[in-house]
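There are 4 protein chains.
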Amino acid sequence: MGAIKKIALAYSGGLDTSIIIQWLKENYDNAEVIAICTNVGQDEDWDAVEQKALNAGASKYYLGDLREELASDYIFPMVRAGAVYEGQYMLGTSIARPFQAKYQVDIALAEGCDALCHGCTGKGNDQVRFELTYKALAPHLKVIAPWRIWDIKSREDAIDFAESRNINLGEISKKNIYSRDWNIWHMSHEGGILEDAWNRPEESMFRLTKSPKEAPDKETEVIIDFEKGFPVGLNGQKMNAFDMMKQLNKIASENGVGRVDIVETRLVGMKSRGIYETPGGTLLHTAMRDLEMFTINNDALHLKQKMSYDYADLVYAGKWYTTARYALEEMMKKITEYTTGSVKLCVYKGNAWVIGRKSPYALYLEDLASFGPSDYNQKDAEGFINLYGLSTGVTAMVHKDLEDGSGQAVEMKQMAASFHDK
Amino acid sequence: MGAIKKIALAYSGGLDTSIIIQWLKENYDNAEVIAICTNVGQDEDWDAVEQKALNAGASKYYLGDLREELASDYIFPMVRAGAVYEGQYMLGTSIARPFQAKYQVDIALAEGCDALCHGCTGKGNDQVRFELTYKALAPHLKVIAPWRIWDIKSREDAIDFAESRNINLGEISKKNIYSRDWNIWHMSHEGGILEDAWNRPEESMFRLTKSPKEAPDKETEVIIDFEKGFPVGLNGQKMNAFDMMKQLNKIASENGVGRVDIVETRLVGMKSRGIYETPGGTLLHTAMRDLEMFTINNDALHLKQKMSYDYADLVYAGKWYTTARYALEEMMKKITEYTTGSVKLCVYKGNAWVIGRKSPYALYLEDLASFGPSDYNQKDAEGFINLYGLSTGVTAMVHKDLEDGSGQAVEMKQMAASFHDK
Amino acid sequence: MGAIKKIALAYSGGLDTSIIIQWLKENYDNAEVIAICTNVGQDEDWDAVEQKALNAGASKYYLGDLREELASDYIFPMVRAGAVYEGQYMLGTSIARPFQAKYQVDIALAEGCDALCHGCTGKGNDQVRFELTYKALAPHLKVIAPWRIWDIKSREDAIDFAESRNINLGEISKKNIYSRDWNIWHMSHEGGILEDAWNRPEESMFRLTKSPKEAPDKETEVIIDFEKGFPVGLNGQKMNAFDMMKQLNKIASENGVGRVDIVETRLVGMKSRGIYETPGGTLLHTAMRDLEMFTINNDALHLKQKMSYDYADLVYAGKWYTTARYALEEMMKKITEYTTGSVKLCVYKGNAWVIGRKSPYALYLEDLASFGPSDYNQKDAEGFINLYGLSTGVTAMVHKDLEDGSGQAVEMKQMAASFHDK
Amino acid sequence: MGAIKKIALAYSGGLDTSIIIQWLKENYDNAEVIAICTNVGQDEDWDAVEQKALNAGASKYYLGDLREELASDYIFPMVRAGAVYEGQYMLGTSIARPFQAKYQVDIALAEGCDALCHGCTGKGNDQVRFELTYKALAPHLKVIAPWRIWDIKSREDAIDFAESRNINLGEISKKNIYSRDWNIWHMSHEGGILEDAWNRPEESMFRLTKSPKEAPDKETEVIIDFEKGFPVGLNGQKMNAFDMMKQLNKIASENGVGRVDIVETRLVGMKSRGIYETPGGTLLHTAMRDLEMFTINNDALHLKQKMSYDYADLVYAGKWYTTARYALEEMMKKITEYTTGSVKLCVYKGNAWVIGRKSPYALYLEDLASFGPSDYNQKDAEGFINLYGLSTGVTAMVHKDLEDGSGQAVEMKQMAASFHDK
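Protein chains in written order, with the UniProt record's numbering: chain A, 1 to 422; chain B, 1 to 422; chain C, 1 to 422; chain D, 1 to 422.
Treat the hints as calculated values from the structure; they're not laboratory data. Possibly wrong hints are sitting among the right ones.
[What the hints assert, rightly or not] DSS-like cross-link-like pairs, simulated, lysine-lysine; straight-line CA separation at most 25 Å:
#1 C:218 - D:213
#2 C:210 - C:228
#3 C:142 - B:306
#4 B:228 - B:210
#5 D:379 - C:142
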């Protein structure tokens, strides 16, 4: 397998990446393996993770604290863009991967590695997301994806491999029903009984959010402040991105907000069922969707809303560091230049309703919209409708032969005349 | 104002259209006015409405029962298409107007009328929707829109007019805080304290849905069956469209489901705040969105989801009877040809979650998606990613001068080589 | 390589597919190979092709005459849709592949074959187009793509293989500068000096079209008649699809019309330079684009024009037999329901200009558009502009602080007032 | 008509705007009228124009030389964006109006005017473009559009008005067959015999371009250099935007390049027939379209191409100074960040062909695309196709019951097995 000497491994501390260290050394002529961890908000005993990496044979261990930047530079732009994959999935895993892979590439380049390795399986989306980032940031480095190469075909095989090499797996056991991903934005659950798409997830599966049924029986009001499409404050208090996420997650989780159960379309074509908990994210999206309707005019808003699907597709595909995403980002930034203001939400037993919004740049003018007297000229509407509907009327005249009430054919000329005359 | 002799009036029984009858007679040389009512599912004492119309001077009265067709031929296609205006408004008023206007035109043609009249104000969307339908179906008839012509500028003026002509307004009074629209799909509320967009709607304003806080503290499961993208059964029982809507409305309303508070962009450009109750509709949309993800492949699904915005824009604009809507309908129909199956919802205190789905045409194959062994060939993924990411890698190589770990420039040729070699 | 017994081979009579027959027999345990040819309009000595196939070891030979159907069922819908890949490539190869593959699959199923084989290389688009059709029509059959498997890496290797097996290659020689594809719609040229994208193609490379410089120095008028978006007649004479293509090709080729030189993006990500001759097709597209502007109203036309890119992408990708293409077809069919009429072209030394058009369903009404007096009410325009531009004005007022001439700040209220007042 | 005291008039020197000065004074209580002219590249005796304005009663005259900026800040971004309305009209009039109106507004604000006036008719697009710019830049100023107000209904009426007031019209006569617009980008022709859409334009109508039949019978090569999507040099010589346009117009006009004959959809709904000469612009668009295919990767290129329709719609509508256009501009700018290089065109008797292109950022790599040996791994293609086509195959299996050759039903399980197995 060539002259690979130093490998940068995206290390999680889990079963797969632990045995990968050993497997790499066995298969790449005892190459050096650097274990690279990223703290993206998951709960973890980081000292134990480091110990596990070194025990498993890593020559070096890195831990990147990506939390603040993940929120401010990845998640918030995505919220601004309104990106929700297939209208349902809030892209919790997708948004973290490019940043995690970028951190790995940065270390790899600094350390002079000649290969990048990840522990994603050959069926999922994450392999694509990691490797597209590798291609974008270090296309000259080799890529090793053990799950697509080795003979280990299941969790059980992996544990057998570990045991045969005396790798200490700590509390990892053969029984791990769900495949999970966790960061400051979300937690996902796949596998187990979820594989039958008709099965309802068990309450015990959820980790972040309280069941709506056990949430408090009282409403909580939350006010989120935005500047230029970015969240900047909560209930009147300015805060940085990571703190914002923590606070919002706390409020939403406590009130059972943010669960979805979907069957999405993976990049590699197949459908896949997943349960997602995105508590704070649900509040952010709800608020931002409202504020954009309040502050962006129709052409720009409708353009933005359609393009948010393209943006979501790019994020889902791991195409963060690509021309298309950069270009959509510029567009979104410009469109939300005046999306500054506050949205008031009411959170209650699984629900998050918008109940008010205000902005110095509100395009909603009470005077224009109200039913009472105003200086809006209602007569303008007649001209507007006549021209706005002109093509509809002309098309109708041209496409069909109309009759008047008496069964008499209406002549084109006569139609045209009354048409203009109105 | 010409030789108008017989006018078909879209009559609601409310204040505006009642005084319009008299106003038309006064201003169009005692022309005959035919009052045309439509039952679209609102609660109404229809005998009283008829009496009111005749009292006000109508020569004839028609009442069309549009309920079943409104559900089956207008609402269901719209749900199939996934049309939600600006991602938030379920188009409750918009979807009824073209059908109501079509019924009016049908009568007008049968009766040999020479003009069509409606009671919409000059600031709103409904005038556009009515008149675009007129243009599409009877472009040779004249259109009269009194609110854009007369001197009556407010509700108070209208009542004064009625009193000066001794028109009996029944229970209509000067105090009518909210402007409302009601049919089998929804009820809308505008005006009053809502005009300040920061104000939360009062609980007393809602008419269809119970407050989530007062909804039962237990979950209700609902199973909706679809055939080719259309709802056909509820909890295992086949039913027609109107009954389906009634049942779904009952369940959802009882459980506080279906309220939204939004500031939308009107056709005539201004922003407008509205509160909508769409109880059963919320269940239908939720279920249909899920089933389409389960049964439609990625290209077609993503195409459909983006086009649903165009479909929604057309419905909102009253462009139901136009080439563009007809064409999108054909597209939506084809895409949902196999969207047959059942979706299981859990309804609870304002929430409606999908908790399971099944279909004879599920594109979700447990075997393909699962984490255990299968005959999916993981090695395919390597080739896929290499080509799927080829342009990302080539772009990266071309756009930047990369360095390897040692600060050495990476030659293009070397990059290209390792790129292919991977 | 398993128990493959009978292979359906897409046979062209060229070098590659000739040696494939022998290679298949050697590598699949002397499996039976059925050679399947398709006449899509290329010039060929079909008897010689048959002889070559049987000489090379095929057990059976089929020749499908696909010309009329290729034109009527594939090319004409594509022209109706306005599909041109990346705005430049008229999809000449792409449109034929699905039909050729379908013919092959039909024979394979009728003959009880257990595998499908094609001779496309592993770098191009055609492998994708063939195999996507296989997957769509016979996903249970195995696929053999020798170029991705064998050790033959070049034209020279292939000839060596043939010589070592005594396969008679007729006039095929090692020197074949360009890679070409030819059917009734187009001829493509790749390779040779074209690989340097700065090189101009040599005149001697072209095969279908006369050089514009050698074309007659006089104009030729051509009138093409369409019904519902499909070409049906030429210069007043009804004709079937294949005859239409023949006639149009003759006129256009004679006059040097239809050459393009482009660098397109292949499905597998890389850019590729090609020269295309699409003589008759250029006339058809030019005429159809004009007639659609004449007969389709703005909403539908603009929808169609944007969707034509999606349609083109699907054709380019070989996704002819997919839900998305079927759905777009329904849309295009509906939109062009009244695209009936005639377009007059002037053809001259490489040019094809539209110089007139007429239709019973023209949406162009002289009276409406002319500059002289008419019954169009110019005053409508004021109302139209006021509302059409309302959001632009409101946005301007909200986004900036304006000054009047004297350097005085203009108050929002004052702006709003004059705004409405206009 | 209120207290309007000082009016800024967009003055052309033509018949309409000459009588407007007098008409304004008569109808607005002898208000002061400032005549504002713009040089956008049309041929004009500017001294005579000034004299005419002052003779007609203008209190002041301004002449703005907008040529360089029109090219660099309006036309070039539009070319970069690839904006061509309805795929045919190169937006020659549309692109100039916002800048002309902006110049008018700037003077109006500096002079302390209280109203803006233009001489566009009530049927066309230009009134919309002028007034949308007014709304965007000075929403507090009043707008006067005499053609929508006065009783003058034709050219003849206008001349009568002028004669009755002794306004010296110079060489303007009643006979002016075509309505024309001219600037450095194009000249348009409407009216006269063109109103019958079947009539071919007379050769004598054209003003900018030589007839292809009278163009030289020899090819001319032109090389255009671009930087970041903007034209910067011609045949190796750097030049500013206006000089570039002049040079390109000269070459193209001399060779009969740039005529189109179309029926477009006006903003106010009706269809309208126009003939356009856009000589240099045709060269620029042709070259830029080619270079973008050469330097932009597939995702970004396809995104750009679809969005160019939206950009064109905004320009056509006069929505230059709107959020949506600003946002698309940012997108286009980002996408073309590396669209730097040269395109070689051959111009000959009406034709403009690309015959070569080069770029330091070419994404076309000879090595990757060529047919000879390279280090591209053809085996990747198999994996790519299997996953790229996975959903097509799964959909086929799920949607239909297939038969094998013998008429036996193929079991789903069997299909799936061979599917994966391939």
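Outcome of the hint check:
1. With a C-alpha separation of about 8 Å, the suggested pair residue 218 of chain C and residue 213 of chain D falls inside the 25 Å cut-off, and the hint holds.
2. Between residue 210 of chain C and residue 228 of chain C, the direct Cα distance comes to roughly 32 Å. Violation of the 25 Å bound is thereby established for this hinted pair.
3. Between residue 142 of chain C and residue 306 of chain B, the direct Cα distance comes to roughly 35 Å. Violation of the 25 Å bound is thereby established for this hinted pair.
4. Our distance criterion of 25 Å between C-alpha atoms is broken by residue 228 of chain B and residue 210 of chain B, whose separation comes to about 32 Å.
5. About 17 Å separates the Cα atoms of residue 379 of chain D and residue 142 of chain C, which keeps this hinted pair within 25 Å; it holds.
In summary, the numbered hints that this structure violates are 2, 3 and 4.
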